[in-house]
Amino acid sequence: MDESKDVPKDFIKLKSEKLSVDEVSEMVVSPSCGAVSVFIGTTRNNFEGKKVIHLEYEAYTSMAESEIKKICRDVRQKWPSIKHIAVHHRLGVVPITEASVIIAVSSPHRAESLEAVTYCINTLKAFVPIWKKEIYEDEYSWKENKECFGANSEK
Amino acid sequence: QVSVLYFARSAELAGLRCETLRVPRQVTSLQLWEEIVRVHPRLAVIQDQVVFAVRQEYVLLGDQLLVLQPGDEVAIIPPISGG
Numbered sequence: 002m003d004e005s006k007d008v009p010k011d012f013i014k015l016k017s018e019k020l021s022v023d024e025v026s027e028m029v030v031s032p033s034c035g036a037v038s039v040f041i042g043t044t045r046n047n048f049e050g051k052k053v054i055h056l057e058y059e060a061y062t063s064m065a066e067s068e069i070k071k072i073c074r075d076v077r078q079k080w081p082s083i084k085h086i087a088v089h090h091r092l093g094v095v096p097i098t099e100a101s102v103i104i105a106v107s108s109p110h111r112a113e114s115l116e117a118v119t120y121c122i123n124t125l126k127a128f129v130p131i132w133k134k135e136i137y138e139d140e141y142s143w144k145e146n147k148e149c150f151g152a153n154s155e156k
Numbered sequence: 008q009v010s011v012l013y014f015a016r017s018a019e020l021a022g023l024r025c026e027t028l029r030v031p032r033q034v035t036s037l038q039l040w041e042e043i044v045r046v047h048p049r050l051a052v053i054q055d056q057v058v059f060a061v062r063q064e065y066v067l068l069g070d071q072l073l074v075l076q077p078g079d080e081v082a083i084i085p086p087i088s089g090g
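Protein sequences, first through last, are from chains A and B.
Under my numbering, residues 2 to 156 are what the first sequence spells out, in order.
Under my numbering, residues 8 to 90 are what the second sequence spells out, in order.
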């Protein structure tokens with residue numbers, strides 16, 4: 002196998018089409034890795050007794066991509082054995098039960114990729130400028146992550 | 008002159024997603040916010056929840072002095088909810 006193809010890579014994508022777990026996990030597969038860990042964020046159909054019809058996501062796209070790149074850089078510093086990282090986030094309308102985010106990480110052994118995936122999703126929720134709007138039957142609501150960095154962080 | 012970008016609730020309150028604004032070259036982040044609220048008074052209700060992103064770096068509303076160049080991007084960032 003051409004060794005230059007196995008250089009550690011970050012695969013970051015924000016897109017409005019349906020996300021594919023197969024596609025994202027295949028991106029990070031590597032002959033030197035015995036583990037691929039995957040997180041899938043899906044959309045729930047209820048919030049505080051209200052029925053959620055669908056979600057809508059918007060992003061400050063250029064900054065979201067650069068913040069995700071920073072997360073990847075941090076992951077590689079904390080877990081140097083990590084091989085590939087893929088973060089796909091859906092934008093626009095996301096129907097109930099479909100994936101809004103998929104994160105996949107590969108590493109030689111399982112501990113690092115499991116920890117790195119957890120770190121990625123937690124840090125994404127705190128720092129990446131993406132917003133979710135829940136659409137109910139007769140109203141809507143802009144959500145706020147409790148991890149969110151910003152004015153709330155001082156409270 | 009800087010580009011101001013509005014997202015999520017701030018875009019709904021301001022009624023637009025993007026505009027150019029003439030601002031002083033040096034200004035604190037709070038002064039910049041006050042200037043923006045002068046143009047879009049409905050934004051005042053989210054003052055306690057927003058931060059800025061200036062040249063794609065987060066900046067809290069406060070005394071931090073910003074040195075702005077023409078064409079810089081300033082974004083209003085309401086509480087985020089990605090993932």
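It is worth saying that the hints were derived from the structure and are not from the lab.
Where is the CB? At the ideal position from N, CA and C, for every residue including glycine.
Any given hint might turn out to be false.
Stated by the list, open to error - If you want a taste of the chain A side facing chain B, the calculated C-beta under 7 Å gives, among others:
| id | residue |
| --- | --- |
| 1 | V22 |
| 2 | M64 |
| 3 | W132 |
Stated by the list, open to error - Just so you have them, the derived chain A footprint on chain B, three or more residues with Cβ under 8 Å:
| id | segment |
| --- | --- |
| 4 | 30-43 |
| 5 | 60-70 |
| 6 | 79-90 |
Query raised in the report: Taking each numbered hint in turn, which are not upheld by the structure, reported in ascending numerical order?
Result: 1, 4
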